[in-house]
Every structure is written in C-alpha cells, then in structure tokens.
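J.: Here is how the chains run, residue by residue.
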Amino acid sequence: MALDINLMVGGEAGQGVQSIGFILAKLAARNGYEVFADQDYESRIRGGHNFFRVRICASDVGTLTEKVDLLIALNKDSVLLHSQEMRADGMMIYDNDAVKDLASEGNLLGIPLQTLAKEKAGNKIMSNTVALGAVAYLIALDLDRLKELLLERFGPGETGEKNTIAAQAGFDHAREHFEMTARRVPAGSNGRKMLLNGNEAIVLGALAAGCRFMAGYPMTPVTPILEGMTENATRMKVATLQAEDEIAAMLMAIGASFAGVRAMTATSGGGFNLMVEGLGLAGMTETPLVIVEGQRPGPATGLPTRTEQGDLLFLLHAAHGEFPRVLFAPSTVEENFWLTVKAFNLAEKYQIPVFILTDHHMATSYWTAPKFDLSQVVIDHGRIYSPGVPVDGDYRRHLLSEDGISPRAFPGTKGIVVFTAGDEHDEHGHIIEDAGMRAAMVEKRLRKTDLVRQEIAAPKTYGPEKADITLLGWGSTFGAIREAVDRLCHEGMNVNCCHFAEIWPFPVGAVEEVLAKGNRKYMVENNATGQMAQLLRAQTCIRVDGCILKYDGRPISPRFIVDQLKKEVGAVW
Amino acid sequence: MVATAKVTQKVYAGGPTAWCPGCGNFGILSALKKALVDLQLEPHQVLMVSGIGQAGKLPHYIRTNGLNVLHGRTLPAAAAAKIVNHDLVVIAVGGDGDGYGEGGNHFLHAMRRNHDITYLVHDNQIYGLTKGQASPTSDEGFITKTTIKGAVDPINPMALAIASNASFVARGFSGDMEHLSGLIKAGIQHKGFALIDILQPCVTFNRKNTHAWYRERVYRLDQESDHDPADRTTAFTKSLEWGDRIPIGVLYRQERPVFEDRFLPITVDQPLVGLSPEPGGVESLLDEFV
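For the record, the sequence lines run as chains A and B. If you count by this note's numbering, then the first sequence holds residues 744 to 1316, one letter each, in order. If you count by this note's numbering, then the second sequence holds residues 6 to 295, one letter each, in order.
Bound conformation, chain B alone (with noise of 0.2 Å):
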C-alpha cells in the first residue's frame, strides 16, 4: 500500500528549524509528517494555523499552507478558514500558554461549536520562548521567576476538554512518536473538534517534567487498560489521573453534529471560496425597502 503512494515525507520538508536540539517539538513534528503522508494528503490540502510560543513555530518547518497568527488566537482563525473552505484539512497548533491561557475563551468555545478542526498543543508544562515562565499547566508548586512561592493549581485540558463536551479528547507523548502520529491521524479523520494535548519536554527551561520523568510516568490506554473512550464518565476519571501514571491515548470520542454542519445559517454544500456574487439577490432586497 505504501509503496504506491505519491505522497512522501519529502513533500512536507520545511525550513530550517529554531528550536533547541533535544526538544520535544521535533517528536511532533515528525508524528505530524507521518500523519499526513499516512493520509496521503498533499501540502496544498493542508491548512495548519499557528500562534505563538515555540509550538507556533511548527507550521514554518513544515511544507504546507499556513497562517501563523497572534499568541492565543488560533482556533478563531482555523474555524473560519474551514468555515469558507472545508475542503481544506485544518490544523491548529500552539503550546499550553497560547492555547489554556491567551486563548482559553476561544479554546471552549471551540470545543462547544465542534468546529471540524484538529488542535495540536504542545503541553511543556512551561513557557519556552520567554525563558521559563509558569504556564497554566505547571505543576502546581512549580517554582519559576514569576511563581516564587509556586505555581497554582494547574489547568487540567483533558478533563476540562470532557467537562466542555468536546468531540476527541486525546493526549499524546512526544517521545512515542508512532503513538502519537495514530492520534493526529484518528484526530484528522474524526468529523469535529479534535483536541490533541501532547505532552513534551523542554529540555532547556523545565528541569522537573523531563523527558524521563514523562517516560516513568504514561501508559498506553489501548494497551494497559480496557478503556472505552465511548463512555464520558469513566473518560473524566481518567483525565484526573495524573502523578505516578499519566494516561494517553484517546480519553473520549463522540459523534456530535459539527458547527459548519448544521449551525451555519446556510448549508455549506460547495467551498464558499470562489462563488461568485448573486446580484440578482440584492435587486429583490432592495424592493423590500421601497
């Protein structure tokens, strides 16, 4: 099978990258690669839309269309682009500040809409491109030069992601890059709003969420546990696992009417890109001003 596909790793090759070698990011990056050649998807289908953070940087090292926007505002922008193309595959991507703290009102209200998008956020538990701030996810007591007496209480995305309804739930490990290269594959091919929380060292700033320490610590769901991501109660219970083992895998998975579907006031059948204008249209509804 793969050896009649057309679509290869080398189509995706991007510039050169910024980030510190050991980095996590390189992990995803390359799951992201497999993904979509696994999908024989070509570059020009692709949309990914990026913030800002390291993760932002991603969309820049690799070879498809891309719209790398503020820190926080990905989702927005995303939703839209699939809103008026949804021949488009949409990626969003950004790190666990961007997207649990800028951006946490568009990241709920994402999930609430299903807007049929994959979000990747890259979860390093700190902030990288500012030199080592606490980030909404820190583990709570996480000393930094902003948080002297410790972080607070962390946000938790997955069980946040189940509490708000949204439609896959999953979280990877940048350091099992088949793993998580299935999870960005099964969370394009879900129909709506794919949360992907990868969790991933920064080997320069975050000296205790190593990439050993993730390595002691998460396990596979579809291998050591029977797990059924059907059933939102026990996908809650396993998204406040966390400590001595961190689950990943698909937390939960639903099928819910996706926002361009069904809420839309119109019926998306045709990319609106390219229509042309109906000035038949506007004559009748000027009339209903006479």
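Chain A extracted, bound-state conformation (with noise of 0.2 Å):
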C-alpha cells in the first residue's frame, strides 16, 4: 500500500492549529512528499473549535479522505469530537496537562506538552511546537529539517532558537515513551515542491501575468489575494488598494484598466453582487478585467467560512444585457496559476471580462506543485492601436472590425482621444440612439463569443478511456472524483471521469466528442440545484443520469462520492 497519512490538528482558535497545521503540511512537502492541507474553521478570531487536516502521500493528491490516522488534539474538545474519526489503528497525541481523565495507552499517546515546553524552552505557549516534534519522530520526517522551518518561521533569534528546543524535546520525548507506536514510513522522492494554496497560486499567476493594479474590499475567502498582491507590490510594481465597498473596487479595476494596465479585483459571491453594474459596464465599454470569485455558501451572508459551488450559473448571467465573458473555474493548484495567466491574456486579447471561479475549499487548500515553469509563461495584450489606423488623429475605441475586436490605445497617447460609454455608443465611443448603430455594436461584441471559444480547453479525463459511468464535475471536486474513480475501479465498477475547469464559453464540440453516447453520467458538485448539470443540458441537450450534491458548507470527499454514486446506481448495478 503506497504511504497515505492523514493527520488532523484540532484545537480551539488563537491555539495555533492553522500554524502548526501549516508547520507540518510544509515539513513534508520538504521530505519530499505530496500533500494535501486544509482547515476547518469558524467566523470567529478566539475559542471555537478549529482544525486543520494534512494527507500526506506518495503520489498526486487532490483531496481529504475521512478517516484520521494520527490526531494531534490541543485541547479537550478535539478528543472528544475526532476521536471517533480515527481509524482503528490511528494515533492520537493529546495533552496529558490539559486532558487528565484519559489514560495514555496503546494508540493514545499523553505527553506533558505544556510541562516540557515551559521545562525546556522557558515557555508553555510552545506546547503545540514540543507536539510537533513527537509528530515528527512518531510519522519519521526529519527532524532537522521541522527545526529549519520552525527558524524560518520564527526567525534565527531567540524565538527561533525556543521553538527548535520545544520541537527536539517533543521528539525525544516520544522516542523514549513511543518507539512501538511510530510508523516505519518510506521516504519521499527528493524533487523540491512547493506548498501553496489556491489564493496564492492566483496571486502569483496575476504577478506572473503582469497585473498592475488590483482593488479589493476583504472578503472570505479571497482576502488573502488582496493581502498577497500588496505584500509584494513594492517588488512587482503594482499598485494595490483597499476600496470602500465592492462597487468602488469594481469601478477602480475598470478605470485602471482603461488607463492602461491589467487589473483584477477579488471578491466573494456576497461582494460579486455589489459588482454587478460594474460588470456590465466592463462589458458595454468593452473593458478587459479579471475577477476572481472564492464562493462561500449563500444566500446573504450565508457560512462564511465554509464551501460551496452556488454561484456558477450566477456569474454566467451576472448583469443585464448581453455581452461576452470568459469563466475559468481551477480545479488544482497549477490550474490556479495557468488559468490566471491564461485570465489576463483573454481578457486583453478579446478586451472582455474574465471570472476566475474558485471557492473556499480550493483557496484555502495547501497543496504541493512542481515549481512553475515560468518560462511558459506568454503575455499577450491583443490587439493595440498604431498611428494612422484607420486616419491619423481619428482613433475609434470601438471600431467596427470583422472579427468584433477594435484596437486599444490608452489615454495620454499623443494626437488622438480615446473615448467610451457605459450607454450605447458609435465607433468612436459617443452616445448613440441610432437603430442601425445599436443592432452593429450588439453584434460586434457578440462575435467576440464564438472566436473566444476556441481558446477554451476541453474537459479533462480520468480513468479508463470506456466506462460504464462517468463521473462529471467541474472546479474544486476534481481531486475528490479523481480518487473516487480509483476506488470505485478498485472495487471492480467501470467508471472515469470528465471534469471542468475552462467552463464559458461552453466548449461544446469538445463536450459533445468526449462525452461517451450510452454510458450512465452523474453530475459531482458542491450545490443544492445541479448548476452545471443545468449548463450541460442547456449547451448541449446532455441530461444526466443524476446528480450527486453536497451543500452542508463542507468539501466533497472521495467517500461521499463512492456511497453516494453507490445509492445511485444500486438498482441497475
């Protein structure tokens, strides 16, 4: 059986779960595995119950399973919620100075984590370091290197130097009270991955891309890309604000576009609704932006700070009026950088809006990634005015071309005025009644549609290439079908998988050819109504067998998939 753990740090908020979780997705990455991190958490800064989860494995990992195989419980609270998470042969460590009626036998491992962390380091606050430690002796990673990262997390001083004692006491102190407990792991492969989430993948993708501007009002779960893109804006020249609502942001990234740069803003579905009139304006003055949405579950403010899939059709019909648009809906880590990239490139080339459609779930995963190519990287800003197209002095904004794209110049260019409005306009961007006028712009903006969709990347596969039943999905369930599709053909069923990340246009050619005639389909997604089911029907004429939805606010796991996809097919099976 290849290496397949997973832990869970469970303590109340303001414990450091999310950091130690943080601490020990990233000391295996750099043992050289593949792991998969996410945290559970409540809109709350203090108290709670909080917890953080890592699988760690020897191959490509996309998702969580369910059962724990060691728990590292800061308090209370998370022995008595997770211990019946464990599996049969898991391990817990908990703290005997916390937890005092719990006997420390076979797999339940009571260490004085507050005793050895006042005793060794002068300070009981670094009890989660000392768990660390014995984490790291208990699943074999290298000690020398969880005192690396615990130096550059805390820095080389006197902090530092604490938390790396902390950690070497925890470790000694299992090796002397659990060396028949620890697990004889295989090592990892010695390939230098990183470790990052969906948000930062999207920042560097943006940084990559050259984004210029970007405003934002802070939002679960997409803050941290604001955050991200100022934390780095001195080197990367960009210019980053915090706006006074979401409509501001919205017009902000609009005006800064025009002028010139690529711009993004970052929001959540509850902040998108701000954006709406903004969206379509970008639309009507044929504006190129990037907007990314982290979806949480609605309506209104609905679980801040949970998952769901609510609002893909939402973003497709965002706005009144018609006008061409791009929706990318990253279903890995790598596809949140290349679909960035790919993001800023559309919307330039086809001067368009373009959504990035993530959600709570993907922008706060950590996974591991071979190191962006960044020699793949292509800028492309479309199409561009030059002097004397068409008259010297008569630059047209929104001249009417074949193929629907007009070329762009930008304020401040010597000799001509580069003009344009929200209502409807004629060539040289001037308001307009004229029927003749109106039906031609409608059109030309619309041809964009067609000539757009053919930048848009079929579906991925998974799975044997014929199969009695196809698992769809799109966006941030790819990992979980992935590893359903193997269990369910470890089991002996015949299934595969046709996922989405590039959704709008609707590749539907390519749909139509991958999608096997005959066979069962069921529809994977983290939502109540069957969203994209509703898409492929409505493209394509392809109805589903069923849908498999979840919408309590958590991810979907590679279980719930199995049993769910069971119940479906029990009849016919």
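No lab work stands behind these hints, which were simulated from the structure alone. Note that the structure is predicted; figures quoted are calculated from it, not measured. Warning: the hint list may mix true and false statements.
What the hints assert, rightly or not - Some chain B residues well away from chain A (every beta-carbon gap over 10 Å; in silico):
1) 31
2) 86
3) 169
4) 221
5) 228
6) 259
Claimed, not checked - Taking CB as the label site, the calculated pair distances span:
7) A:919 - B:273: 54 to 62 Å
8) B:248 - A:1125: 50 to 58 Å
9) A:1167 - B:26: 23 to 31 Å
10) A:1146 - B:45: 38 to 46 Å
Stated by the list, open to error - Not everything, but these chain B residues come out facing chain A in the computed CB check (under 10 Å):
11) 74
12) 81
13) 137
Ideal Cβ placement from N, Cα and C applies to all residues, glycine included.
Build the complex: two chains, separate frames, hints provided.
T.: Here's what the structure looks like:
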C-alpha cells in the first residue's frame, strides 16, 4: 500500500492550529511527499473549534480522506469531537496537562506538552511546537528539517531557537515513550516542491501575468489575494488598494484597465453582488478585466468560512444585457496559476471580463506542486492601436472590425483621444440612439464569443477510456472525484470522469466529443441544484442520469461520492 | 502670453449637445474649456470621467479622453486612472443626484483619500434626465412628483466636504463663467482632491432655483468678504450660509498628502501604464513557497 497518512490538528482559535498544521504540511513537502491540507474554522477570532488536516501521500493527491491516522488534540474538545473519526489503528497525541481523565495507553499518546514546553523552552505557549516534534518522530519526518522550518517561521533569534528546543523535547519524549507505536514510512522523493493554496497560486499567476493594479474589499475566502498582491506590490510594481466597497473596487479596476494596465479585483459571492453593475460596464465599454470570485455558501452572508459551488449560473448570467465573458473554475493548484495567466491574456485579447471562479475549499487548501515553469508564461496584450490606423488623429475605440475586436489605445497617447461610454455608443465611443448602430455594436461585441470559445480547453478526463459510468464535475471537486474513480475501479466498477475547469464560453464541440454516448452519467457538485448539470443540458442537450450534490458547506470527499454513487446505481448495478 | 499659445478652444470642440436651450450646463462647459486652454493642456493629456445624468454627458461635448461610467460611480474609476497614469489630468464630472445620492460613499472616501483629481458637480438641485424628481440637494419642502409633501433637509455638499477634510472645497455658479473657469483652473492646479460644486439652473424642471434666483443670492467670497480659505472653522461657518446670500469661490483649501504619493504600497515615480512585467521577481517569489 502506497504511503497515505491523514493527520489532524484540532484546537480552539488562537491555539495555533493553523500555524502548526501548516508547518506540518510544509515539513512533509520538504521531506519529498505530496501533500494536501485544509483548515476548518469558524467565523470568529478566538475560541470555537478549529481543525487543520494534512494528508501526506507518496503520489499526487488533491483531496482529503475521512479517516484520521494521527490526531493532534490541543484541547479536550478535539479529543471528544474527533476520536471517532480515527482509523482503528490511528494514533492520538494529546496534552496530558490539559486532558487528565484519559489514560495514555496503546495508541492514545498522552504527552505533557505544556510541562515540556515550560521546562525545556521556558514558555508553555510552545506546547504545540512540542507536539510537532513528537509528530516528526512518530511518522519519521526529518527533525532537522523541522528545526529549519521553525527558524524560518520564527526567525533565527531567541524565539526561533526556543522553538527548535521545544521540538527537540517533543521528539525525544516520543522516542523514549512511544518507540513501538511509531510508523515506519517510506522516504519521499527528492524533488523540491512548492506548498501553496489556491489564493496564493492566483496571486503568483497575476504577478507573472504582469497585473499592475488590484482593488478589493476584504471578504472571506479571498482576502489573502489582496493581501498577497499588496505584500508583493513594491517588488513587483503593483498598485493595490482597499476600496470603500466592492462597487468601488470594481470601478477602480475598470478605470485602471481603461487607462492601460492589467487590472483585477477579487471577492466572494456577496461582494460580487455589488460588482454586477460594474461587470455590465466592462462588457459595454469592452474593458479587459479579471475578477476572482471565491464562493462560499449563500445566499446573503450564508456560511462565511465554509465552501460551496453555488455561484456558477449567477456569474454566467450576472448583469443585464448581453455581452461576452469568460469563466474559469480551476480544479488544481497549478490551474489556479495557469488559468490566471490565461485570464489576463484573454481579457486583453478579447477586451472582455474574465472570471476565475474558486471556492473556499480551493482558495484555502494547501497543495504541493512542482515549481511553475515561468518560461511557459506568455503575455498577449491583444490588438493595440498604431498611429494612422484607420486615420491619423481619428482613433475609434469601438471600431467596427470584422472579428469584433477594436485596437486599444490609452489616454495620454499624443494626437488622439480615447473615449468610451456605458451608454450605447458609436465607433468613437459617443452616445447614440440610432437603431442600426445599436444592432451593429451588439453584433460586434457578440462576435467575440465564438472567437474566444476556440481558446477554451476541452474538459479533462481521467480513468478508463471506456466506462459504464462517467462522473462529471467542475472546479474544486476534481481531486475528490479522481480519487473516487480510483476507489470505484479498485472495487471492480468501470468508472471514469470528465471534469471542467474552462467553462465559458461552453466548449460545446469538445464536450460532445469527450462524453461517450450510452453510458450513465452523474454530475458531482457542491451545491443543491446541480447548476453544471443544468448548463450541460442547456448547451448540449446532454442529460445526466443523476446528480451527487452536497450543500452542507463542507467539501465533497471521495467517500461521499463513492457512497452516493452506489446508492444511485444500486438498482441497476 | 495668450498670443503664443498653441492650444486654443478649437481643439476642444466636441460633439453636438443634447441639453435644453438655456441650460446651465453650457456655462460650465465653456468655463471648463477656457480653464483647459488657459492651462495650455492638450486634449490627450486630459481624462474626463463622468457618471449618468445631464452632467454625465458633458465629456461627450468636449474633445478629451473620456470614460463615461455608471450613475454615481465616477470617482473610483477616476481615482484608479490617476493612480496608474499620474501624467493624466483627471477630471470627474457628474450631477448632484449622481455624486451626492448614488455615489455618496465614493464621495466621502475620495475626499478622505485625497486623490489628485478634480471633481465638478453640476448642482441644479433636481433630477433632470429623469424629468424632475427631488435630488439630495433640493431645498427643504421642494415639491416634486416623488416628494408630494416636500423634499427633506438637503445635503450640504460644502459643509460635508469641509467636515470630511477635503483639501479643496469650492462653489461656482454657471452664470459667472469667468469666475467658474478660474475655480476649475485652481482646482486642476491644486495637488489633491478638488471639489467644485456648481450651482446651475435647470431651466426645464426646477422652477424655484432659477437663474435669477441664484443671481440674486450669490456673492463672491474673494470680492465681498475677507474670507481666509486656510481657516477650516470659518470655512465651515461659510459653508452653512444658504438662503438670502450664497457664497461662491474657494471656501476651504489645505495642503495634505495625496493618496497616490503617500499611501500606495509603491512609490509611483513613473506611470504604471507601459511597464513590462518583472519575470525575475516572480521566480524568486516561487522559491518562497518551496
């Protein structure tokens, strides 16, 4: 059996759950393993119950599994809440100092975390670093690498030094007391990998694409995008700002783009509600724009720190009137990067708004990935005005060209003025009422839809080429569906999957080609109404046999898909 | 001096207007053109950003760069254009409903951030394009089809701006083109956010605040008072003056840091427009994730 260890760190907000979970994930990545990690937290800053899961595998992983191999319980609640999620042979590390009514025996590994932290490192606050040291011993992760990470995290000074001592104490304690329990795990590969989440990959993609402007308004789960762009603003020459609201953020991105730079904004569904009128403005003025929408359960405030795929049809139909747009829903951390680069290119090439639709699960989960090959980044600004075309001094922002794309020029260009309006306009961008010009402009804008459709990649497929059952999905569910396919095939069923990341304009031809006729098809979505199933049917007349839907705010797991599919096909299987 | 000028009114000639004959907007358009010519700015150096309403159409009638956005949304778009290309002279224009109603939040924050842009508000105390409803600056008791018991207490743009610590707060009158032109010029030259609220009769729908009504009341601060625009307290007192006498001119002016210079994470020493990407930078960023 290939290496596959599921760790869970549980505690209350403020106990460093996220911090040590992340260090563990990073430690596993530095040990050469593939990692997938996510956090589950409540919409509060202190207290409550939080947990962070880290899955360590020998090969590519894009989801979590349900059963926990090693639970690190930082408080009593974690012991109570999660012990039943443990595998039969799973281990639990808990704090003897905090949980006194639990006997340390068998796989229940009580460690006096606070006492060790206080005695060895001089401060009981480092008790979770003691736990980290114990974990390193128990699953054979390199202690020196752990120390190296702690020094990176806490700095080479006293705090860093004390954390390495705390880790050593945990490691020694575990070696002394739990030698028989420790797992012997195969070594990881040596390839140096990145560990990053969806938000971070989008930031990197935007910077690699030469984004120069971002305005946003804080909203879970995508606030770290504005923070990340701002953190790198000086080095990468990006102007970023926190606007007064999402309406302003959107209009700022439009103003910056019109003025001539690559511009973006990011929000969640609730914030995007406010951006809708700006979206229409971008459509009418043919202003390139990249909009990241990180979904969370709605409507209204919904579940602010949970996940859902409920905004697909909203984004495809947002704003009144008809105009072209592009929608990507990345399904891996690599796609978060590459589709962001592509989004900026398509936005400029076709002078349209482009969505990157993620969700809380995708935005905040950490994945290992090989370092992105930046030599593959291509920047395409699309058609840019050159003097004399068509007539000197007579620049037409909305020139009625054959393919609908008018060369762009920017304010400040000597000899011309650049004008556009949210009113229907003529080629020069000035308000018109004329029926003929209105129709010509509508057609000009919509001509771009079919052109940009040619840039949309076919959905990914995975599993046997011919299968009795095809699982379909989009966006963040790919890792779970792929693993469900593996498990079902392992159990003797003949299942494959077809997964969408580049969704709009809908790649009708490619989908019709990819989807086999005659087999059974099930759509897997993190929503309650099967939005992609509706879209598929509207665009291709292909009707799925059923939907596997989850709308409790939690991500879809392979186990959930396997169980639901068996229920669905039980009658015919 | 004017004789050697290369920029003339002619270069600013725009498209045919769709305003009512006698509309106060004509005076504002003339004053703006005169200010741009006086400053010897060329059309390509100027970006006008406008909202929706009769005022929002103004950029269509003058030959400059223009971005005619949505109702109330001029200021964020104008501010961002200035941020990415600070060589542009950015002038936002809209009406009282556009700026003080729909765009109220943006107005507050643009003043607070002190973007280096000029904001012209055509304030006719009524909605013109939708045919005569009350606006946020309609006088109290003003009867319209949507305010049959009279409009509520109006917003006072001057007092609001001074309270919000705007760095240039002025009021003009479309009937005094020369004076208004001077205000616009001063607003453009001011480093920071310059609000110029412009009293302007709506000849079709506002039968109360007519040209004559304003003419009888307005007086120039620089001629008929010893007002010191640097004094915020007296500026605030002046801003409350409305009724028999209405002051026009610069009520308040101060120097304070401009958002683009002081509060962006980067120092904008050259326009961001036209910079090529920094691939080396991204490579080193990737290493931080390993």
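J.: Against chain A, does residue 31 (chain B) keep a CB gap of more than 10 Å to every residue?
T.: 18 Å, holds
J.: Minimum Cβ distance from residue 81 (chain B) to chain A below 10 Å?
T.: At about 4 Å, which falls below the 10 Å cut-off, the nearest Cβ of chain A leaves the hint on residue 81 (chain B) intact, so it holds.
J.: If you check the beta carbons of residue 919 (chain A) and residue 273 (chain B), does the distance land in 54 to 62 Å?
T.: At 59 Å between Cβs, range holds.
J.: Just checking, residue 221 (chain B) versus chain A, shortest CB gap more than 10 Å?
T.: 35 Å, holds
J.: Does the hinted range 23 to 31 Å hold for residue 1167 (chain A) and residue 26 (chain B) at CB?
T.: Holds: the Cβ-Cβ distance is about 25 Å, inside 23 to 31 Å.
J.: Any Cβ of chain A at or closer than 10 Å to residue 86 (chain B), or is the non-interface label fine?
T.: 4 Å, violated
J.: Does the no-contact call for residue 169 (chain B) survive, Cβ to all of chain A over 10 Å?
T.: Non-interface label on residue 169 (chain B) holds, nearest chain A Cβ at 12 Å vs cutoff 10 Å.
J.: With 38 to 46 Å as the target window, see if residue 1146 (chain A) and residue 45 (chain B) comply at their CB atoms.
T.: This hint holds: roughly 41 Å between Cβ atoms.
J.: For the hint on residue 74 (chain B), does the least C-beta distance to chain A fall short of 10 Å?
T.: 6 Å, holds
J.: Is the Cβ of residue 259 (chain B) farther than 10 Å from every Cβ of chain A?
T.: 22 Å, holds
J.: Take a quick look at residue 228 (chain B) and tell me if its Cβ sits farther than 10 Å from every Cβ on chain A, holds or violated.
T.: 37 Å, holds
J.: Under 10 Å, Cβ to Cβ, is where residue 137 (chain B) needs to be relative to chain A, so tell me if that hint holds or is violated.
T.: Violated, about 21 Å.
Hint compliance for this structure: hints 2 and 13 are broken, all remaining hints hold.
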